[in-house]
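Colleague: These are the residues of each chain, in order.
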Amino acid sequence: MISPRGLGGRGGLAVLLALVVVTGATAAPSGPPVRIGGTLALTGPLAPTALLHKIAGEIYVDELNKANGLLGRPVEWVLLDDQSKPDVTRSLYEKLITVDKVDLLMGPYATSGILAAMGVAQRYQKMLPHHSYGMPHLAKYEMHFPTAAFGPEPNVTVPARIYDALAATSNPPKSVAIVTSKFPSAQFQSNGAREVAEKRGLKVALYLEYEFGTRDFGAIAARIKDARPDFLWVGALGLDGNQVIEAMKKLDYMPPRQFHLFPAPGPLALAPDGKLALSHTFFEAHPPMLSNTGAARLVPLFHDRAAKAGVPYVNVDTQAAGSFAAWQVLEAAITATKSLDDKAMAQWLKKNPVDTILGRLRFDGSNNYGDDLSKLKQVQDGKWVVVWPREFAAPGARLLPP
Amino acid sequence: MPSLTLLGQAVVSGLLAGGIYGLLALGLSLSWGLLRLVNLAHFALALLGAYLTYQLGTAWLVPPWLATLLIVPAFFALGLGLHAVFAYFRVTEFTSLLVTFGVAVILESAIQWFWTADYRRYETAYATASLRVGPFFVPTLELLAGLTAAALALVTWAWLRFTYIGKALRACAEDPAMAVAFGVNRRAQAFLLSGVSAAYAGVAGGFIALIATLAPAQIWAWVGVVFAVVIIGGLANPLGALLAGLLIGVSESVTMAVVTPAWAPLVSFSVLILILVLRPDRM
Amino acid sequence: MSGAGGRVATGLVLAAAALAGLAMLGLPAFYESFLYLIFSWIALATSWSLLSGYAGYFSFGHGAFFGAGMYTTATLTTGLGAPFLATLPVAGAVAALLAAGIGAVVFRVRRLRGELFGLLTLAVGFVLATIVLNTRIDGGPGVYLSAVPLPRLLASPTGTLYLLGLGLAAATLGAAYGIAHSRLGLGLFAIHDDEDAAEGKGVPTFAYKLLAFALSAGLAGVAGGIHAMYVSYVTVGETFSITVPLYVVLMSVLGGARHWLGPAVGATLITASLYAFTGGQQAVLGRAVVALALVVVILVLPEGVVPAGLARWRRWRPRPVPVALASPALVAPPRADAVLACAEVWRAFGGIQALRGVSLRVEPGEIVGLVGPNGSGKTTLINVISGDYAADRGRVTLGAETLTGRPAHDIAGLGVARTYQIPRPFARLTALDNVAVAATFGAAWLTPAEARADARGWLEFTGLGRRAAALPHELNLHERKFLELARALAGRPRVILLDEVLSGLNPAEIASAIRLIQDIRARGVAVLFVEHLIRAVLELCDRVVVLNEGAVIASGSPREAMRAERVVEVYLGKAHVVA
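If you're matching them up, the sequences are chains A, B and C in order.
Everything in the first sequence is counted per this note's numbering, starting at 1 for the first residue and increasing by one.
Everything in the second sequence is counted per this note's numbering, starting at 403 for the first residue and increasing by one.
Everything in the third sequence is counted per this note's numbering, starting at 686 for the first residue and increasing by one.
Hint data in this document are derived by calculation from the structure and do not stem from the laboratory.
Since we're looking at a predicted model, the values are computed, not measured.
Possibly wrong hints are sitting among the right ones.
Unchecked claim - Here chain C is said to cover these stretches of chain A; the calculated rule only asks that three of the stretch's residues, wherever they fall, bring their Cβ under 8 Å from a Cβ of chain C:
| id | stretch |
| --- | --- |
| 1 | 82-92 |
| 2 | 205-212 |
Stated by the list, open to error - Listed below are several chain B residues computed to face chain C (Cβ distance under 8 Å; list not exhaustive):
| id | residue |
| --- | --- |
| 3 | Leu471 |
| 4 | Leu500 |
| 5 | Tyr528 |
| 6 | Trp622 |
| 7 | Gly626 |
| 8 | Ala630 |
| 9 | Ile634 |
| 10 | Trp665 |
| 11 | Leu668 |
| 12 | Phe671 |
What the hints assert, rightly or not - Simulated restraints on C-beta separations:
| id | chain 1 | residue 1 | chain 2 | residue 2 | range |
| --- | --- | --- | --- | --- | --- |
| 13 | B | Tyr566 | C | Ala1154 | 38 to 46 Å |
| 14 | B | Tyr566 | C | Gln966 | 51 to 59 Å |
| 15 | B | Arg589 | C | Ser1044 | 28 to 36 Å |
| 16 | C | Ala1155 | B | Ile567 | 35 to 43 Å |
| 17 | B | Tyr566 | C | Glu1159 | 30 to 38 Å |
| 18 | A | His137 | B | Leu533 | 53 to 61 Å |
| 19 | B | Ile567 | A | Gly213 | 37 to 45 Å |
| 20 | C | Thr1132 | A | His137 | 56 to 64 Å |
Ideal Cβ placement from N, Cα and C applies to all residues, glycine included.
Work the whole structure out from these sequences, hints included.
Modeller: Here it is in structure tokens:
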């Protein structure tokens, strides 16, 4: 043990400190791995979007391991395939906890799976960060942490934001047609869209619900065309939005403005008739959000990995960003509490907001929700750009009128 | 009360959607009715055809009609290969469901392996083109699909009814032992039929690529409704399959035009149930 | 239950107890939920096979009953605050009633078998899903059961569900075993092979199908009720997907749909394999490998895993052949009033008048020959008497009972047996079981165990004793004809209708058949004997009735009737004498 006096007092101490700092900063993580367990829909109907979460998670874990890991230890993501089935999700989370004995959990993809996992997390009192959940009023577990930052009442706040954005244009819409899939989270928010529209004095020219899995949108498109709304709200999930647009185009009709709730981003942006379509997002990879914590680093990595994996649309959008944010939340809680203790981490998160790629997330509201960070994006020149709220819009971009 | 134009448009739209159901149902109906094999892999083959059309079109700029010309013979061969396995193991109607399910899952996994699970859309300039017929719009691609379905159905019907091979196939299905006694080469017929069925799947796949967005799990999206079309139309009845497809397409579409669209399956399947219970003698 | 049944029952109970004990010792929750899923699928697949495997009515709507049960529990617990356990029998009842309603309509319609039944049940699934999706039962947002209290049967919620699942699986397996070895099961197996022949042997086909369907659905409903608590968030999309209807079929086919344990084995194999490759990196590849394995297994073992395994086992340890009882009492003592009488029976098919006011009588212990050229209506008359066809006009009576208007199985129960011109044995039942069906459902109404012993006697009587374990396709024509005869006799008939039983036999076989028929007459049975072979008619018959174009043209002693001018004309044509 080198005594500071033996090395010449303060100077020696400084050298010692410098040595410690330098070696500490470049030391690879070592020791037993921190094991974080979760599932994703790697196969089955939810696989298309879950793939993006897988890539995002892998990037994050790799970056952690390139740096200091978590608490100086390497990170291992124990990822299992829940085949898009909530009952499999439940039993796999039980496996992760009781058999694989992972240290911490990461949530699966989509509302039903997350609810199944939440039940398990609750029974074992483990915290559950997750990224793609759409029914805040059902999430009553006190240690769940959503990064799909809808706020506690998305059925009110999200439509309000959209209508606000539209009202701020030179020619606000006076009538709205709402067409929604009966997928639970989509229907929930679309119902809200109807109520908010009525409260604001917008005429609801049409309100239609279709079954999730509808193949032919011809009749629905015809009804929309008949209603001649100023604004079309499509409570779409995945493919539906495209199909509605194409069906309308085949009738030589396009509503002046249209909004899609949860579309598959790539197909819609690239669709020849997706011009000026609006959608909901929490993040797009352009300034000013590009300066959010971690964005500058993660966005190009996702670009590369997605391209290598053969994914058609390689930009980071709301899904991937949500995933990054969930990992950031987890990391922040671990680093702040210097532990892997679920309760301690949960308590910390409830009291301290976390800066993530989506912005500042807080979990102290109703059902652990904070602010509604929803933004409105628009397809402009074949790319998604955020146009509302103004402070998050891409530089020089605004909501283009029809 | 919806306008007549709206109703009419819904009928048009439904007929065309039904055309695609009929196109998919054609191959399945043939193999089920004449080979007594329930072929779940038919759907997987159709989707594979769709992905191949997409790949040829986007990676190598092969126009869809050429892609189909390339795919059809390849699928014919694939059908022969599949049947070789069935024949060797003497697969019966009962076990064919499980075997073809397994094949379908293998194909789905292969599709996901090569093209990832993410959505793929074959964008073409004419994807949303449509013809104007009076107050109605008739989307061109769907129209083409419907006409193809009708043409294939007619050709198949005529083939079965008027040619020697067609009659031989029907005889085999009804009474294999007797047909063989009359000199019908049952083995060859069965192979031919399997190849034709698979070829039809390839054709259907080409249209699916142009009209729908692709994801591997889409294989299973069509199973219910196409099974219904096949059975209602009568096994091995090509014209019946077409008509049943049209019936289901129209009933779904008109329902979606008149009430909440989410009720559509209720109407189409209730109509089915009523037809079945009240007068299926025509089958 | 007999020895084998007792062993199986004990085995089941022990296995169930062991599994239950395992849970109480505290398994990691994953194993509890993994095993719960296996139990749930065992219950679903086994219940499916009760109708579809045993009776061959392929249902594609098992998911509808499962979903009905799921939503019943979901609605009652969240909407009415009902205690969870109490909702389970209700879930089962709702599903069973649904099936009973469907069956009551569908099973009456003869043409709705095979694929049409499959489509109908598939359609029911879609209809139910749409109704649930669009009404207040769900309406779209799904039903969330997290607030519903789960009774603490075991320490953990997963353990409780495990126990419930175990109980259901055990009950379902018990039911499957019980049914397979009961009269109901035998009837269902007969229906599977030839429903009309089964009806003719006395199997109450409508009632049995309805019962099997309702039971199958009820069990699926209970499975659904339990599963609602397991997933705790019930949505239409997941509940009514194609997974349940498809997988129960696959599991049953893989394991062997006709065996009571088959679907359970298939369910275990398929569910377990779904977990074999859940590791993230090989998910896609793993799925393909599992599918390939399934394909290979079913190609190599087309009858299913369990039957193939049993066949192997039997080659090692052949089962002892049951010993026949003493020669069975062949017929009831003759009753003077058991006269078969047709009075003015008319029957047309479209434009063709097949029977024109046919009247005849057959006394007990009498052989009446029914002859006539082809197409004269002989087989039609037999079908009318046996109840396979209804008479347009006229009456058929047996003693004091009226037969016309009754379902065929009733008539068989009253003591009317028939053979078929082209033998129609139950193709997948052994010769012994073929005869046992008749003994079980005929006038004797024996238990299946007694019936099997009885059947041995009949097989000996007709000279087929050594062929008891053979399947019909292994028998030659003569043996199959005699099997028809044995089947007819096993029903303890008072009247036997023999439809061209001698056609296709060689002279030696004909001679032995004639002796048999004389033996039958000697025991007091009334015999209506349709035959072309005039020699046999002359030798056997006490009286002869001649039909032509649906009408009786002559009747009386054999020689008289055959010499009647009209009869000669009909057979040989009119003599044209050129003067």
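Colleague: The structure should be examined with respect to each hint, and the outcome stated for every one.
Modeller: Outcome of the hint check:
1. 82-92: holds (count 9)
2. 205-212: That given contact holds, which follows from 3 residues of the stretch 205-212 of chain A lying within Cβ reach (below 8 Å) of chain C.
3. Leu471: Interface hint status for Leu471/B: violated (29 Å vs cutoff 8 Å).
4. Leu500: holds (5 Å)
5. Tyr528: violated (33 Å)
6. Trp622: OK, holds: Trp622/B within 8 Å of chain C, min 6 Å.
7. Gly626: Hint on Gly626/B: holds, closest Cβ of chain C at ~6 Å, below 8 Å.
8. Ala630: holds (6 Å)
9. Ile634: This hint holds: Ile634/B lies near chain C, its Cβ roughly 7 Å from the closest one there, short of 8 Å.
10. Trp665: holds (6 Å)
11. Leu668: holds (4 Å)
12. Phe671: This hint holds: Phe671/B lies near chain C, its Cβ roughly 4 Å from the closest one there, short of 8 Å.
13. Tyr566/B with Ala1154/C: 38 to 46 Å: holds (44 Å)
14. Tyr566/B with Gln966/C: 51 to 59 Å: holds (55 Å)
15. Arg589/B with Ser1044/C: 28 to 36 Å: violated (54 Å)
16. Ala1155/C with Ile567/B: 35 to 43 Å: With a Cβ separation near 39 Å, Ala1155/C and Ile567/B satisfy 35 to 43 Å, so the hint holds.
17. Tyr566/B with Glu1159/C: 30 to 38 Å: holds (36 Å)
18. His137/A with Leu533/B: 53 to 61 Å: Hint violated: Cβ distance 48 Å, outside 53 to 61 Å.
19. Ile567/B with Gly213/A: 37 to 45 Å: holds (39 Å)
20. Thr1132/C with His137/A: 56 to 64 Å: holds (60 Å)
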